[in-house]
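Enquirer: If you want the building blocks of each chain, they are given just below.
Protein chains: 2
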Amino acid sequence: MSETISPLAPAHIPELPEISGVICRIARARYKEWDRCDLTYIELAQGTTVAGVLTKSKCPSPEVEWCQQALSTGLARGLVVNAGNANAFTGGRGKEAVQLILSMVSNHLACAEEEIFVSSTGVIGVPLPKDKVETGLNSVFIAEPCSWSEAAATIMTTDTFPKMATTSALIDGKTVYLNGIVKGSGMIAPDMATMLGYIFTDACVNAEFLQEMLSAATSKSFNCITVDSDTSTSDTVLAFATGQNDTPALNSFKDPGADAFQAALSDLCMQMAHLVIRDGEGASKFIEIAVTAAESDKSAKRIALSIANSPLVKTAIAGEDANWGRIVMAVGKAGEPADRDKLSIGFGGVTVARDGLVVPDYDETPVTTHLKGDEIDISVDMGLGHGKATVWTCDLTHGYIEINADYRS
Amino acid sequence: MSETISPLAPAHIPELPEISGVICRIARARYKEWDRCDLTYIELAQGTTVAGVLTKSKCPSPEVEWCQQALSTGLARGLVVNAGNANAFTGGRGKEAVQLILSMVSNHLACAEEEIFVSSTGVIGVPLPKDKVETGLNSVFIAEPCSWSEAAATIMTTDTFPKMATTSALIDGKTVYLNGIVKGSGMIAPDMATMLGYIFTDACVNAEFLQEMLSAATSKSFNCITVDSDTSTSDTVLAFATGQNDTPALNSFKDPGADAFQAALSDLCMQMAHLVIRDGEGASKFIEIAVTAAESDKSAKRIALSIANSPLVKTAIAGEDANWGRIVMAVGKAGEPADRDKLSIGFGGVTVARDGLVVPDYDETPVTTHLKGDEIDISVDMGLGHGKATVWTCDLTHGYIEINADYRS
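Chains as they are written, first to last, in this note's numbering: chain A, 70 to 478; chain B, 70 to 478.
FYI, nobody ran anything at the bench for these hints, they're computed from the structure.
Just so you know, these numbers come straight off a predicted model, no measurement behind them.
All C-beta atoms, glycine included, are put in the ideal place defined by N, C-alpha and C.
Any given hint could be a false lead.
To give a feel for the contact side, a few chain A residues facing chain B, derived at Cβ under 7 Å [to be verified]: (1) Arg97; (2) Thr159; (3) Lys402; (4) Asn473.
Hey, can you work out the whole structure from these sequences and the hints?
Expert: Structure representation (C-alpha cells):
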C-alpha cells in the first residue's frame with residue numbers, strides 16, 4: 070500500500086449498498102511485516118451460486134487451481150483473500166496452506182470444501198505460512214462484520230486506493246444490486262482478469278448462466294486492460310449470486326430481466342477494470358485506444374493491445390508527445406492485416422494522419438492540449454473492414470520503475 | 070546521439086580492416102537541426118552480391134519495400150543510409166524521396182537502380198526532404214573516403230556509441246574479412262533485425278547462398294535480442310560480398326571454406342546484436358536468458374522472449390533483485406507448454422528454485438553479488454524436453470523513460 074494515491078483515482082468513491090446474504094470480515098494475519106488487515110473472509114448465504122474467470126498462466130498458483138476445480142459445483146459459501154503473499158510457485162507447501170484454509174473454513178461453516186474459494190496476492194515464491202493462516206482465520210471468524218470499503222482496502226497490495234463499484238438492475242420490477250471490489254495495479258494484462266476481482270449480487274442466477282454472463286462481461290472489460298503486459302499467476306474474477314432477493318431466478322436470456330442483469334454486470338466489470346487502470350503503477354494518464362475498421366474484432370483487439378503494450382507509445386504519452394509514428398510502429402508489429410496507406414490515426418478526436426501520411430496543414434495545438442490532460446483518447450482506423458475493439462491502459466513513467474525496481478524489498 | 074555513453078559500451082573498440090571493393094563516404098544532409106554527418110554513402114565494387122533480412126512490420130518504410138524488391142537481383146553497387154528521419158509512414162512523398170536517391174546514385178554509378186540499397190532511420194511520419202537529399206548526395210559523392218568508425222558514427226540516431234565488429238575466415242588457405250556496422254538502441258525486438266546493420270566482406274559468395282547463410286546467422290543473433298519489445302518499421306540487415314579477394318566462390322556448404330564463412334558470419338552477427346543490447350536505451354545491465362529443456366527450440370525461444378520482454382523482470386534486474394517469482398510469471402504467460410512443478414531457475418549459475426519451489430536453505434548472497442554486476446545470466450530449465458534458446462536483453466530503467474518520454478522534441 071503506497072502513501073501516495075494515484076493522480077487518476079476517482080474523485081468520488083461510491084457508497085456500496087448491503088447485499089443480502091453477504092457478510093465481510095477482516096483480520097490481521099500479518100503475512101508481511103506490516104500493521105494492517107491483510108485477511109478478508111466473506112460469508113455467503115446458503116444456495117449462493119458462483120462463476121469465475123481465472124488466469125491463463127501456465128504456472129498458476131494453487132489457489133487458482135483450486136478455484137478452477139471448485140467452480141464445477143457452482144455453489145459457494147465462503148471466500149478467503151490473503152494479501153501480501155501470492156503463495157504461487159511454492160510447491161507442496163503452498164498447496165498445504167490452501168488445504169488448511171479449506172479445511173478450517175468448511176468446518177466453520179459446516180459446508181463442503183468445494184464451496185470455499187481462496188485467493189492470495191503479493192510476492193510469488195514464498196509459501197503462505199500455515200501458522201499465520203491459522204491465527205488469521207481464528208481471528209477473522211470472530212471479527213465483527215466490516216464495511217465494503219474495509220474489505221476493498223484489505224485485499225490491496227501495491228494499490229494506492231481501494232477499488233469499489235456498484236450498480237443495479239431491474240428484474241420483474243424489483244431492484245437487484247451488484248457490488249464489486251477489486252485489487253491490482255501492476256502485472257496487469259490479458260489474458261484474463263489480470264487481478265483479483267469479486268462481484269456480489271443478491272439476484273438469483275443459475276450458476277451456468279452466471280458463468281456465461283460473466284465470461285461475456287470480462288471479455289470486454291478485464292480482458293481489455295493492460296498496465297504492463299505482464300499476466301499474473303493468480304488472476305481471478307469471481308461472481309457470487311446469493312439469491313436472497315426474492316426476484317425470479319435467471320436461467321437464460323429468455324428470462325425477463327436477464328438482459329438487464331447482463332448489462333449491469335458488464336457495466337460493473339467495466340467500472341472495476343477502469344479502476345485498476347486508474348491505479349496502474351506509476352500511471353499519470355488514463356488511455357483509451359479504439360481501433361476500428363480492422364479485418365475482424367479479434368484483429369482489432371490484437372492491434373489495440375499491441376499499441377497499449379508498446380513501451381514507446383506509453384512513454385510518448387507520458388511525455389505528452391503526439392508521436393503517432395510510434396502508433397504506426399505498434400500497428401505494424403501486431404502482425405495483423407494492415408495497409409499502411411489506408412491507416413488513419415487520431416488523438417482526442419483530432420485526426421493527425423490519414424491514408425498513410427500526416428493530414429495537410431496539421432495543427433498540433435489541439436492535440437497537444439488534449440495530451441496535457443489525464444484522459445487520453447487514441448483512435449486508429451485501419452480502413453479495411455468492420456472489426457473494432459477498445460482497450461484501456463496507462464502511460465509508462467518513472468513511477469513504474471520506482472515501484473518495480475524495488476518492490477520485493 | 071546522447072552525450073552520455075552507455076555504461077555497457079565495450080571498453081575496446083576493434084580496428085576494422087579495409088574491405089577490398091568497399092568505399093565509405095559521409096556528408097551533412099542536415100536531416101535534423103544538428104551539426105553532424107547524417108548521410109552515409111557506400112560504394113561497392115562491380116559484381117558485389119547482396120543478401121538481406123528485413124522487418125516483418127506490416128507498416129514498413131518505403132526504403133524497406135524497395136530493399137525487398139531490389140534483393141531479388143542479388144547484386145549491389147551502392148548503399149545510402151539516412152540518419153535522423155525514418156521516412157516511414159510518409160505516403161507518396163516518402164516514396165518520391167527514395168526514388169530520387171535511386172535515380173541520383175544509379176546515375177552517378179552508371180548502374181541499375183536495383184543495385185542501390187537505401188535505409189533511413191529516425192523519426193517516423195516526416196517525409197525525407199528531397200532538397201536535403203539532393204544537397205546531401207551531391208556533397209557525399211565528392212567527399213573523401215572515410216573510416217569505418219566514421220561511417221558507424223554517421224548511421225547513429227539515439228545510439229550512444231558507434232558499433233563496429235570484425236572477424237575473418239579462412240577459405241582455401243586464404244583469409245577473407247568480414248566487417249559490420251550497426252545502429253539501434255530502442256524500438257528493438259524481433260522480428261527481425263530490429264535495427265540497421267550492414268555487413269561487408271571481400272569473399273566471393275553466390276547471392277542465394279549468402280541469403281541462406283545470413284538468414285541462419287540472424288535467426289540466432291538479431292532475432293534473439295530485445296530492448297523494449299517494439300519492432301521498427303525500418304529494420305534492415307544487409308550483407309554485401311564484393312568478391313574482391315581472389316578466393317574460390319562459395320556456392321553451397323559443399324564448398325571448402327563455406328562452413329568457416331558461416332561460422333564467421335554468425336559470429337559477426339552475434340557481436341553486432343550484442344552491441345545493440347549494450348546500447349539499449351537506459352540499459353545498465355546486459356542480460357542473457359538461456360532456456361533449456363523446453364518442448365522445442367521454438368517454444369524455448371518464445372519463453373525466453375517472454376522473460377526478456379517482461380517489464381517486471383527487467384525492472385527487477387534494474388533493482389538488483391533476485392525476484393525469480395517474476396520469471397515464473399513470465400514463463401507462465403508465454404502460453405507455451407510448462408509444468409510449474411518441474412521448473413528450475415538460476416541466476417549467475419546458482420540455482421534458486423528447483424522443481425517448483427525455492428531450493429532448501431537458499432542462500433541469496435552469491436545471487437545478490439551476481440546481480441550487482443552488469444552482466445546478468447538467467448537460466449530456466451523447463452524440465453520437459455530438449456528445446457533450447459538463448460536471448461539477450463537489457464534492464465528497464467529510469468534512463469529508458471527519460472529517453473523515450475522526450476525523444477521527438
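Enquirer: All hints are to be evaluated individually against the structure, with a verdict given for each.
Expert: For each hint, the structure was consulted:
no. : hint   : in the structure
1   : Arg97  : violated, 24 Å
2   : Thr159 : holds, 6 Å
3   : Lys402 : holds, 4 Å
4   : Asn473 : holds, 4 Å
When each numbered hint is compared with the structure, a violation occurs for hint 1 only.
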